[in-house]
Amino acid sequence: MTRELVYTGFISLDGVADSPGGTVEGHRSGGWVARHDFLPEAFSLKGEELADTTALLFGRRSYEAFGAVWPQSEDHAAYRDLPKYVVSTTIGEGDLIDGWGGTTILRSAEDVAALKETDGGSIFIHGSCELARNLADAGLIDRYNLLVFPYLLGAGKSIFGREDRDATALRLRESQTYPNGVLKVIYDVMHQH
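With this note's numbering as the guide, the letters of the sequence shown map in order to residues 5 to 197.
Since the hints were made in silico from the structure, they are not lab data.
Some clues are possibly wrong.
Calculated lysine to any residue pairs in the SDA-like style (CA-CA distance at most 20 Å, straight line) [to be verified]: (1) Lys161 x Glu68; (2) Lys120 x Glu53; (3) Lys120 x Leu54; (4) Lys188 x Thr12; (5) Lys188 x Leu54.
Turn these sequences into a full structure, and let the hints guide you.
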């Protein structure tokens with residue numbers, strides 16, 4: 005039984021995951037999550053994921069961005085001691101964040117595939133758009149937990165590849181709509197065998 009690899013995140017209706025928290029992250033319309041009408045129940049997915057998460061996987065930039073905030077965040081206290089993996093060809097042991105649990109450096113999609121074959125539960129990817137695309141292209145993502153916000157952002161980073169390819173079929177596991185226009189959709193990836 006391989007470990008499930010889950011991408012979780014906020015996206016716009018046109019699939020952009022760039023800069024949900026602010027323009028400092030690079031998108032001129034950044035902050036679209038923070039700006040939207042706040043409804044606590046629309047974020048219930050984030051709490052539900054805590055019980056399912058046994059490890060966290062990041063690309064380098066997201067590892068550094070989350071690592072600057074999450075170790076001190078009470079909302080993310082449950083993540084503090086979980087194993088973390090950062091996929092990067094450039095990061096070194098000296099770049100790892102102290103006091104945020106054990107972190108292992110992975111260098112490639114092949115390393116991630118090997119990780120999925122180890123014992124343990126679900127591994128969650130937060131942020132990390134480029135990593136998500138690369139791992140999806142390699143057939144390694146098993147589920148998408150998405151909160152879809154009612155914005156069309158145009159340009160920006162997406163977790164989905166844009167090149168011509170064979171379709172990837174998804175099966176809807178769960179969905180919910182909220183009065184503020186946010187949609188929760190959980191899709192299982194139907195892997196080709």
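Satisfaction of hint between Thr12 and Lys188, Cα-Cα up to 20 Å: 11 Å, holds
Starting from Lys161, check that the Cα of Glu68 is at most 20 Å away, please. Roughly 17 Å between the alpha carbons, so the hint for Lys161 and Glu68 holds.
For the pair supplied as a hint, Lys120 and Glu53, is the alpha-carbon distance within the 20 Å limit? It holds: about 18 Å lies between the C-alpha atoms, which stays within 20 Å.
With the threshold set at 20 Å, check whether the alpha-carbon distance from Lys120 to Leu54 stays at or below it. 19 Å, holds
Holds or violated: are the alpha carbons of Lys188 and Leu54 at most 20 Å from each other? 16 Å, holds
Checked against the numbered hints given earlier, this structure breaks none of them.
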